[in-house]
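Given these sequences and hints, build the entire structure.
Sequences listed follow chains A and B, in order.
Here our numbering is used: position 165 in the first sequence is 165, and no number is missing along the way.
Here our numbering is used: position 321 in the second sequence is 321, and no number is missing along the way.
Please keep in mind that the hints were generated in silico from the structure rather than gathered at the bench.
Be aware that one or more of the hints could be misleading.
Subject to a maximum C-alpha distance of 16 angstroms in a straight line, what follows is the list of computed EDC-like cross-link-like pairs (lysine to aspartate or glutamate) [to be verified]:
1) B/K379 - B/D403
2) B/K190 - B/D403
3) B/K202 - B/E223
4) A/K47 - B/D139
5) A/K47 - B/E442
6) A/K158 - A/D26
7) A/K47 - B/E23
8) B/K142 - A/D34
9) B/K33 - A/D26
10) B/K33 - A/D34
11) A/K78 - A/D53
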Amino acid sequence: MNKKLRIATTSLAGCFGCHMSFLDIDERLLALLDLVEFDRSPITDIKHCGPCDIGIIEGGICNVENVHVLHEFRKNCKILIAIGSCAITGGLPAQRNHLDLGSCLTEVYLTEPGLAHGHIPNDPELPLPLDKVHPLHEVVKIDYFIPGCPPSGDAIWKFLTDLIAGKTPELGHGLINYD
Amino acid sequence: MTEKLDNLETAAHPENLRRVAIEPVSRVEGHGKVTLLLDENDHVRQVRLHIVEFRGFEKFIQGRPYWEAPVMVQRLCGICPVSHHIAASKAMDMIVGATLTPTAEKVRRLMHYGQILQSHALHFFHLCSPDLLFGFDSDVAKRNIVGVVAAYPEIAKQGVLLRKYGQEVIRVTAGKRVHGTGSIPGGVNKNVSAEERDYLLKDIGQVVEWSRAAVGIARQLFEQNLDLYNNFGTFKTHTLNLVRADGALDLYHGGLRARDMDGNTLFDHYDYRHYWDVIFEDVKPWSYMKFPFLRSLGPETGWYRVGPLSRVTQCDFIPTPLAEEQRKAFVAFNGGSATGATLGFHWARMIEMLHAAELIQQLLHDPDLQGNDLVNIGKRQARGVGVIEAPRGTLIHHYKVDDNDQIVRCNLIVSTTHNNQAMNEAIRQVARQYIDGRKLTEGLLNHIEVAIRAFDPCLSCATHALGKMPLEVELLDVSGGRVDTLQRSSDGAFCSPD
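Structure, rendered in structure tokens:
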């Protein structure tokens, strides 16, 4: 048997919907496990990415920590895939890009009624938010993009099985969607 | 010794302590981390669950047309998008003055219970079963769904197929498995055709059976490890949940019921359209997630727990026979010890999954699903509040829409936010029980995460905040008519709304 390919996945400024779509390959997941093994991923307890064949990232970049994790993935993954609208364009979270972050924080945590002790969270444990949400390819090189919000389980299955078989992944009719 | 362990929220002298971080918290949905501060003798001095991401839904939805809310806001969360889809739709039902047609309400209920099924299956099988089946400090390389597939292939397969079925119910009713479009202000945009119904009916018997077996697994785990499951991260707390008018478990609609930690009712069948009279929020500097509390009790002691454990223990009955039988067994078990146990969450969650499967089966036999009367619109209103019981607990959506159909205000209190303080209490309790004074290992640290996972937190949902609901005072005359309205704007000034 060939050595299993090692896959890492993470969600940055995303909703985990792309990871749910990944699980939407349903019972094909059981077949996939004969071919691959998982490194860092929300479904394992590996907290940092080691050397991997494939890295899959959903979500854009909204804070400093996202940047560090993205670099960790780029450094360790031979092939890096941006999956879903947020990773590719910033997606819905990027709707905040036309707003001033400082005044938003003030509104939410300081001046909103119904608050017992208003103050803006500022503990050093909280990563600093960026003033804008960015897509992944503005920060590192991305090898493949799978569009959709989210892409379907079928699209993810086709893409991965092509890649694992050593072919250039190709999403045919009905497998590319943008909603 | 116990004195210094009493409150682990804030250490007196953090500068002299050693920091240990669990980052990211894994096998949960969303982005969080835990920090521990320990002294030179490995005694725990501070434990915090931080929500580290800040997004912007409540703010950037302002200015969007109201009918976009159900499809936009569901993008808070890819695990339970249907929750936000439906809560926003219920709020928009009020905006458009709708009374739902039977077809619309039943299609939405089917969608919602499909989601309860898939989300609970995902949580139990894909995320938590590795801890429960292998042990909290078992080998980290195998402590995941891949390990479960290898060791318990039949259980893993049933988990995968239960989730698949729930996702298929969502696809049929919403058009898409993740981020569908089926629910709209005033109703739904499609019914369930006879072919679709037959397709779903094909496997529902099996799904009910597997759900029943899952309750059995959850119960067996509790029975076989009774001391551990009774005590692990367990603490006393108030509860909050929706109940139907007759006291039954209902995850789609009802009134709010709050009970204190001794079981006394604080309020019951409370009209959720006035939730702000009973729920306030606190802010702490070390988390972007707020800390809600019952207004009558105050921020120090007014925090509470939501979700399956609260719902199953606080409802008067479950209106489907198999789940009701299991609820009775759960409540009676070992003198009721599971009903207050943090790990009792898993058992309660599986009872709800069984209930969802039974309800789906009932609904599929209802000819109203094939009705063609999908939308009902009445007199337009300016304010809408939608509340449901999402898989993780009570979910509140609140919008104000202007005469141009644009959303001008939005406030969301999501399930996981309600559990913020409760999750922090649970991990502090685990720190006292397992971490204090011991050499830290990966397995010990996983105990902290096991306690967090019991709540099934959706940390993505919990990071939506950005935006505000200004204070608004309405002066009503004796017959309930509005005499005057005052708003407090973001700069704190009071003014009359336009």
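Right, here's what the structure says about each hint:
With a C-alpha separation of about 13 angstroms, the suggested pair B/K379 and B/D403 falls inside the 16 angstroms cut-off, and the hint holds. Our distance criterion of 16 angstroms between C-alpha atoms is broken by B/K190 and B/D403, whose separation comes to about 28 angstroms. For the given pair, B/K202 sits about 34 angstroms from B/E223 by alpha-carbon distance, which is inconsistent with the 16 angstroms threshold. Distance restraint check for A/K47 and B/D139: the Cα-Cα separation of roughly 14 angstroms lies within the 16 angstroms cut-off, and the hinted pair is therefore satisfied.
Pair hint A/K47 plus B/E442 holds up; C-alpha atoms about 11 angstroms apart against a cutoff of 16 angstroms. With a C-alpha separation of about 13 angstroms, the suggested pairing of A/K158 with A/D26 holds against the 16 angstroms cut-off. Simply put, A/K47 and B/E23 have alpha-carbon atoms about 7 angstroms apart, close enough for the 16 angstroms limit, and the pair holds. As the CA atoms of B/K142 and A/D34 are separated by approximately 15 angstroms, the hinted pair is consistent with the 16 angstroms bound.
With a CA separation close to 29 angstroms, the supplied pair B/K33 and A/D26 exceeds the 16 angstroms bound. For the suggested pair B/K33 and A/D34, the alpha carbons sit about 32 angstroms apart, so the restraint of at most 16 angstroms is broken. Distance hint between A/K78 and A/D53 is fulfilled; the C-alpha atoms sit about 5 angstroms from each other, no more than 16 angstroms.
Hints 2, 3, 9 and 10, counting from the list given before, are not met by this structure.
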